[in-house]
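Chains as they are written, first to last, in our numbering: chain U, 12 to 264; chain R, 2 to 291; chain F, -4 to 938.
These aren't lab readings, by the way, just hints derived from the structure by calculation. Beta carbons: idealized from backbone N, C-alpha and C, even for Gly. Be a bit skeptical, because a hint or two may be false.
Cβ-Cβ distance ranges computed for the label pairs, FRET-style [as the list claims (entries may be wrong)]:
| no. | chain 1 | residue 1 | chain 2 | residue 2 | range |
| --- | --- | --- | --- | --- | --- |
| 1 | F | Arg818 | R | Leu53 | 45 to 55 Å |
| 2 | F | Gln373 | U | Lys246 | 52 to 62 Å |
| 3 | F | Val908 | U | Ile233 | 45 to 55 Å |
| 4 | U | Pro209 | R | Leu235 | 46 to 56 Å |
| 5 | F | Thr366 | U | Pro166 | 36 to 46 Å |
| 6 | R | Pro4 | F | Thr528 | 54 to 64 Å |
| 7 | F | Asp813 | R | Pro4 | 19 to 29 Å |
| 8 | U | Lys246 | F | Gly729 | 30 to 40 Å |
Here are the simulated DSS-like cross-link-like pairs (lysine-lysine), alpha carbons at most 25 Å apart as the crow flies [to be verified]:
| no. | chain 1 | residue 1 | chain 2 | residue 2 |
| --- | --- | --- | --- | --- |
| 9 | F | Lys812 | F | Lys904 |
| 10 | U | Lys246 | F | Lys74 |
| 11 | F | Lys321 | R | Lys290 |
| 12 | F | Lys74 | F | Lys499 |
| 13 | F | Lys372 | F | Lys610 |
| 14 | F | Lys8 | F | Lys624 |
| 15 | F | Lys610 | F | Lys624 |
| 16 | F | Lys649 | F | Lys610 |
| 17 | F | Lys74 | F | Lys701 |
| 18 | F | Lys935 | F | Lys32 |
| 19 | F | Lys35 | F | Lys8 |
| 20 | R | Lys290 | R | Lys131 |
| 21 | F | Lys610 | U | Lys254 |
| 22 | R | Lys290 | F | Lys804 |
| 23 | R | Lys131 | U | Lys214 |
Stretches of chain R that chain U covers, calculated by requiring three or more beta carbons in the stretch to come under 8 Å of a beta carbon on chain U [claimed, not checked]:
| no. | region |
| --- | --- |
| 24 | 71 to 77 |
| 25 | 202 to 214 |
| 26 | 245 to 257 |
| 27 | 277 to 284 |
Listed below are the residues making up each chain.
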Amino acid sequence: MTQLPPPSKVKLGLVIDLDTCVGCHACVISCKGWNTENYGAPLSDMDAYGADPSGTFLNRVHSYEVTPDEGTAKLIHFPKSCLHCEDAPCVTVCPTGASYKRAEDGIVLVNEDACIGCSLCAWACPYGARELDTAAGVMKKCTLCVDRIYNTNLPEEDRVPACVRTCPAGARHFGDLGDEDSAVSRLVAERGGMDLMPEQGTKPVNKYLPPRPKDTADEIDILAPYLAPVAGEAKGFVAWLDKALSALPGGAK
Amino acid sequence: MHPAPSVIIFTTFSGLGFGLLFWLGLGMPFVTGWAAFAYFALAYAMAVGGLLASTFHLGRPERAIRAFTQWRTSWLSREAWTSVATLLIMAVFGAGLVFAGQRFAAVGVLGGLLAILTVFTTSMIYTQLKTVPRWHHWSTPAMFLLLSLGGGAVLAGQTLFALPLLAIGGTVQVVAWMTGDGRLAGSGTTLASATGLGNLGRVRAFEPPHTGTNFLLREFVYVVGRRHAAQLRLIALIVGFGVPIAFLVLPYNPLWIACAAISHIAGILAQRWLFFAEAEHVVGLYYGKR
Amino acid sequence: MSLDQPQIDTSPKVSDEVRKTTCYMCACRCGINVHMKDGKVAYIEGNRDHPVNQGVLCAKGSAGIMQHNAPSRLRAPMKRVGPRGSGQFEEISWDEALQIATDCLAPIRAAAPEKLAFFTGRDQSQSFTSMWAQGFGTPNYAAHGGFCSVNMAAAGIYTMGGAFWEFGQPDWDHAKLFLIFGVAEDHDSNPIKMGIGKLKARGAKVVGINPIRSGYNAVADDWYGITPGTDGLLILSLVHLLMKAGKVDLDYLAHYTNAACLVNEDPASPQAGLLLRDAQGQPQVIDRRTGQLAPWNGAGVEPDLSATHSADGVTHRPVFHLMAEKYICDDYAPEAVADRCGIPAARIRQLAAEIARAAFDDPVILDRPWTDFRGRKQDKMVGRAVSMHAMRGISAHSNGFQTARALHMLQILIGAVETPGGMRFKPPYPKPAHAHPKPHCKVTPGAALNGPHLGYPQGPEDLCLDDSGAPARIDKAFSWENPLSAHGLMHMVISNAHAGDPYKIDTLFLYMANMSWNSSMNTRGVMQMLTDTDANGDYVIPRIIYSDAYSSEMVAYADLILPDTTYLERHDCISLLDRPICEADAAADAIRWPVVQPDRNVRGFQSVLCELGAKLGLPGFVNEDGSQKYADYADYITNHVRRPGIGPLAGWRKAEDGSLQGGRGAPNPDQLDTYIANGGFWMAHVPEEAAYYKPFNTAYQDWAVKMGFYDSPQPYIFQLYAEPLRRFQMAAEGEGPRQPPEHLRARMTATMDPLPIWYAPFEDGVVDTAAYPIHALTQRPMAMYHSWGTQNAWLRQLHGRNPLYVPTKIWEANGFKDGDWARVSSVNGSIVVPVAHMAALNENTVWTWNAIGKRKGAWALDNDAPEATEGFLLNHIIHELLPPKGDGQRWANSDPVTGQAAWFDLRVKIERVDAPAEAQPVFPPIASPVPAAPHDLAWKVGK
Ligand SMILES: Nc1nc2c(c(=O)[nH]1)N[C@H]1C(S)=C(S)[C@@H](COP(=O)(O)OP(=O)(O)OC[C@H]3O[C@@H](n4cnc5c(=O)[nH]c(N)nc54)[C@H](O)[C@@H]3O)O[C@H]1N2
Ligand SMILES: Nc1nc2c(c(=O)[nH]1)N[C@H]1C(S)=C(S)[C@@H](COP(=O)(O)OP(=O)(O)OC[C@H]3O[C@@H](n4cnc5c(=O)[nH]c(N)nc54)[C@H](O)[C@@H]3O)O[C@H]1N2
Ligand code: SF4
Ligand code: SF4
Ligand code: SF4
Ligand code: SF4
Ligand code: SF4
Ligand SMILES: [Mo]
């Protein structure tokens, strides 16, 4: 199974909008909550109330500061989970076949019953998307909420990943990136969705929408007319006011 | 990468063990009876001990048997096969030598070649990783093979082969270090490519996703001081290569061979520590740790 | 090899049952679906039908399960056995606890009820707790608003009958330009994020005005890294530019604000600066139809913004003239304010021009006819697509009230309040200051207070003073020092009680406020005051009763602990009488209910108050026969009648014919069950034609009466000119029977300006700003709620430490490197803390995350937890009083109008020091009243 299946027609994945993500970590915790209760072993926490707490999370939000040569520095919140790569190196390295990419929708999963916890898949993943759970001894990773998106026990509208459902800013989108007409594919096309570390050749399915240009102003000659003074001081203003009011509807003057 | 004792011990001793098996397979030295037993016991102790040590790295060692299933794609799986095949075939060969005083030459050659193939598969586990540019290079299998053959030759008392192998090994090691230092930078993977934000300006990791630690930081982010690394490199070079060579050029004496071997092993442990500790995984970029 | 994959179950059972209630991990009060397995809480997600969060949930909300299961939960009532502050307690029974409380409180009530100070922190049941306090008879009751954001609330109420967040929200669906001032997170956590997401999806522009560029400001399309404390100046400069350019909404100003009301201009008149009123007391305008005086609300009146009026030799000019005079003056020219604001003049012009363009080039026009209170019919709703929002960044300064007023003036000038695209109120707001109660303080031993504690004074006659003119309340709320302190001053209670100023108290009764740690300024001083003893060895504050649910720092300082349940274990109501969960398009209220039963000996605090109230015989808590009136809080929620037809919950009340209806009606014994069946909330949509112009719109007024918000239509206009302020200013000038003390006159005259002004934050005037050149701020992390977040095993992994973020200029000047530490000093003391670099930051500002630092021994954390070793509070170097000015007074570090704590006025200096073993100061550990926490967690419910 660690052979990759032939590229699937359906490529389910996430599109993450870096222009909108406010870095609230809601997706991180909702993912933790769902996946603790569902697919596979619970996501454990070691030294949970102590000096060095460390738990398994499938989704984490970094933040980066970008300083242009000119102008103000910017802060970008950057959520990151498994990108469900088409050429997933984490799959081919796995000695047990526990790590696999689903033929039907491209979701990359770990079969926890077969995993020996050798960590090699995590070594092979450039994105840090896999974490070995200390308590369970098996590899954990984003499942794309495979136990939600097809779950007939959930109302139709809830058949989306937990992180997508919870994101308050609407910065996370889920869909079929194999379908050019899907909402996510159109977003990617419109906003110039990008791959992370394209040079690694992993061909991620998940895409990131870059931040829109910030701190840009229209030319001053476009804006200046809006502030053309009607008066230099209060007296002049009152004179203008009288004129302006008589132009308004509503009674004789 | 985290220099975990389990992987250091694994790569060091299994490399040496399989190297020794290689020479034994070729009949160098040609020994039988108790002497053969001693040699084979040493080789097996190292090879099997190393393999066992590697299982300490596993989250679920009790399921290790599953590692045999994916030989088509996985170097780790291939290593499992080649190592077991080597150990089985060499067991036949060794039994002939020890118990029957018989040398099944063809079996020995086959076992010897498998032994070296095993080392190669081990090396490929690391070499294949594009995520660790320092390892993703011909010098990684070259070093593993040279050290296995060279160390094996020292243990096998094959001074004639040991000397050039160690000399070449030391040289290749220096080349590996020197070129390795720039390989992450040269790999094209940067924080800019990792985030896709490079076109907006200089990217700097501001806040990590969590103030505590996690598996990724423990496993992949290990920072060695540059001075410390330079010192260790020197020690590895002297203890792992220089001193053994010096002992080996002395007139033959089993004691000198033992000293050369011990020194070599010590050096290789240091070398392996550096192999892991200095290897930078690209995921560190996300954490601003590079 | 075949590619056969493991068969996985893609449709596993999600849970046995979903119970819908309300989140309590912050004051946003989102609806949650609590998934139950085997009778235990398994997973929490947002409720899609809920008006507040529409299905989304923040990190804290999703982590509620870890809060509910936190090892820090208190287990039983406790009485102190060690010295105060030691954390040594003995668990006792509820009977004993209630007996202790009754024995302590009954004599106080009989003799001097004011000797009880009952202050509730992050209380969501204020209409209930205040009723209890009123029944007790003490004037000393308030919640946390005084240290939180009363500037914002009061400025909003006095100006336009509502403020941001609690009472209003941006028109997310129509705004094209959104300005967000000084917000890191706010209470409206999820709605703001949802709103920003909506704006972004529509391509609207978001502008952040904040010294720090994180969170909302990080996604903002443009960022103004303003110098703290100077927003008022920036805003008045925008007002200057817009007025000068005539970019104001004249029709709106004339009809819906008091810009046309006439002000007495005669300095000699006792009415100087007051509005001209008719015999009925109605402010007068000139009617453009007739050119004659007319009441502002006369049918068909067309108020004239410009015409003046002279009578008996006294000139009366419209407010708008005074505004022109004040703001078109060069003091507010961009060039004059740029340096102080830290924003170039060209950028100020840019912002003003962008506001003008968005407001007037491209108005939002909705095809909805409506009629205003003067009977003027309009066939369309026309609005300005400029929305604004602000919070503590402008509120938590000593000039915050006037700054918030200035911001509302800006919104109103362009016609962007209650119009499409602008800011909208959430019913039952808007509600102008004069429609609110006034504060009451008359104490009668053994009887109730003469009215509600808190309110909105209209003039000096409404202050809470005793016969000698001294403050009647322990927190000195509604005194000359801070006349409009509508939320009280919780941050002054402990220091005033300790000083016996204005008088000594006997018992401090606190609920849900971590006063010995992150909620107090001068934390070390507060710990000292709480443990201080007099000459006899008795505690200076004799008794402290406290209700908390967790092992917080404050627990250690109480004598009696009343342990609360968690939010999933109790009834609660989020009531229209209080701070409801309404949205602009709907009135709504909600409940919490016990989705699980407590497994410890704890009780909901409100239920405890029902019992304690009965034991004390408080009016409203006993039946005529003296028996307990409300068995518990659920009983109160269902059966309490506030006014005829009005109770804590507006949903599913009984109509006369026995049917169920929203709004008014008799109590319905099944009300709570109906709420539960309906997802835990009730909602009534505002009719379309009533959705905007609410204060002026007859359709809205009628609907509001029907819903029971008020008993008759109460239209009003926005108060650009705030007469109540002028009345206090006049008192300071010597007018009237009630006179402020001499030392306050000058300050009152200067700060109680009826038109918005800016003055420098007080600390700037007292400390040597050259020696303390840096502004120091805190921000709330989105994933942490004050001190409670830390006990949460998931959340504390995200924010377990808090470095001090330092801008590039200061970073380089000090030669800081990663991993360095610094001593940060204010005039009040110093702390030693880890530093980190941040470029996207005002160059004179440092900041850190709020309330991460913890006291060792609290919250069931290990003593070597990073929160206790590296985490720190800025509170140690903030003080509730300003440094002495040498005038013999210690002035409060608060806004002079409202008493709002000026957290963000802090000035510091910073220097590199060698890393200490731990962040300084270090306090000795307190004994934990709960057992040690487990080491590892790996649980799955129901498997
Ligand atoms: N430096 C600095 N300090 C600040 C601020 C700042 O910006 N900077 N902000 C200030 C502001 S605006 C505020 S509002 C305050 C907030 O300060 P607090 O209101 O004190 O906030 P918390 O730390 O949340 O403390 C509330 C207490 O309620 C307890 N609690 C939690 N849940 C329950 C429950 O269900 N029942 C009961 N009975 N108790 C419960 C918690 O354990 C905790 O002890 O902090 C102020 N302090
Ligand atoms: N996650 C989470 N949510 C919360 C809370 C929490 O603890 N955690 N607490 C709740 C409470 S009690 C409150 S009061 C609200 C407070 O919500 P916010 O008002 O968002 O409070 P702060 O986090 O204190 O953020 C104040 C912001 O003002 C900025 N600021 C400071 N001074 C100035 C200034 O002079 N001018 C400008 N323009 N900006 C300035 C700061 O940089 C910061 O971004 O949040 C509530 N919501
Ligand atoms: S929930 Fe949404 S906004 Fe919050 S961090 Fe995740 S992606 Fe960003
Ligand atoms: S992101 Fe990592 S774990 Fe996920 S598919 Fe790609 S390589 Fe594998
Ligand atoms: S950790 Fe598990 S999934 Fe990953 S490579 Fe090893 S066996 Fe495969
Ligand atoms: S898709 Fe599911 S598993 Fe993946 S990050 Fe989102 S919540 Fe976690
Ligand atoms: S914003 Fe978060 S913590 Fe606050 S009520 Fe909503 S879900 Fe709960
Ligand atoms: Mo607050």
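Here is how each hint holds up against the structure:
At about 53 Å, the CB distance of Arg818 (chain F) to Leu53 (chain R) agrees with the hint of 45 to 55 Å. Gln373 (chain F) and Lys246 (chain U) have their C-beta atoms about 33 Å apart, which leaves the hinted 52 to 62 Å range violated. A C-beta distance of roughly 51 Å is found between Val908 (chain F) and Ile233 (chain U), which places it inside the suggested range of 45 to 55 Å. Between Pro209 (chain U) and Leu235 (chain R) the beta carbon distance is about 39 Å. The supplied range of 46 to 56 Å is therefore violated.
Taken as a hint, the range 36 to 46 Å holds for the pair Thr366 (chain F) and Pro166 (chain U), whose Cβ atoms sit roughly 42 Å apart. Checked against the hint of 54 to 64 Å, the C-beta distance between Pro4 (chain R) and Thr528 (chain F) comes to roughly 58 Å, which is consistent with it. Judged by the Cβ atoms, the range 19 to 29 Å given for Asp813 (chain F) and Pro4 (chain R) holds: they are separated by roughly 23 Å. Under the hint 30 to 40 Å, the C-beta atoms of Lys246 (chain U) and Gly729 (chain F), about 32 Å apart, fit the expected range.
Distance restraint check for Lys812 (chain F) and Lys904 (chain F): the Cα-Cα separation of roughly 18 Å lies within the 25 Å cut-off, and the hinted pair is therefore satisfied. Distance check on the hinted pair: Lys246 (chain U) and Lys74 (chain F) sit about 71 Å apart at the alpha-carbon level, beyond 25 Å; violated. At most 25 Å may separate the alpha-carbon atoms for a hinted pair to count; Lys321 (chain F) and Lys290 (chain R) exceed this at roughly 55 Å. Our distance criterion of 25 Å between C-alpha atoms is met by Lys74 (chain F) and Lys499 (chain F), whose separation comes to about 23 Å.
Between Lys372 (chain F) and Lys610 (chain F), the direct Cα distance comes to roughly 57 Å. Violation of the 25 Å bound is thereby established for this hinted pair. Taken as a hint, the Lys8 (chain F) and Lys624 (chain F) pair is broken in the structure, with Cα atoms around 44 Å apart against an allowance of 25 Å. For the given pair, Lys610 (chain F) sits about 11 Å from Lys624 (chain F) by alpha-carbon distance, which is consistent with the 25 Å threshold. Using a Cα cut-off of 25 Å, the hinted pair Lys649 (chain F) and Lys610 (chain F) is violated, with the two alpha carbons roughly 31 Å apart.
Proximity of Lys74 (chain F) to Lys701 (chain F) is assessed by CA-CA distance (about 49 Å); at most 25 Å being required, the pair is judged violated. Using a Cα cut-off of 25 Å, the hinted pair Lys935 (chain F) and Lys32 (chain F) holds, with the two alpha carbons roughly 10 Å apart. A distance of roughly 15 Å separates the Cα atoms of Lys35 (chain F) and Lys8 (chain F); the hinted pair therefore holds under the 25 Å criterion. A threshold of 25 Å between alpha carbons decides the hint, and for Lys290 (chain R) with Lys131 (chain R) the separation of about 18 Å falls inside it, so the pair holds.
With a CA separation close to 70 Å, the supplied pair Lys610 (chain F) and Lys254 (chain U) exceeds the 25 Å bound. Simply put, Lys290 (chain R) and Lys804 (chain F) have alpha-carbon atoms about 24 Å apart, close enough for the 25 Å limit, and the pair holds. The straight-line distance between the Cα atoms of Lys131 (chain R) and Lys214 (chain U) is roughly 14 Å, inside the 25 Å bound, and the hint therefore holds. With 6 residues bearing a CB less than 8 Å from a CB of chain U, the region 71 to 77 of chain R meets the requirement of three and the coverage assertion stands.
For the region 202 to 214 of chain R, the stated coverage by chain U holds: 12 residues have a C-beta nearer than 8 Å to a C-beta of that chain, and at least 3 were required. Restraint check on the region 245 to 257 of chain R versus chain U: 0 residues with Cβ-Cβ distances below 8 Å, three needed, restraint violated. Coverage of the region 277 to 284 of chain R by chain U holds [criterion: at least 3 residues with CB-CB distance below 8 Å; count 3].
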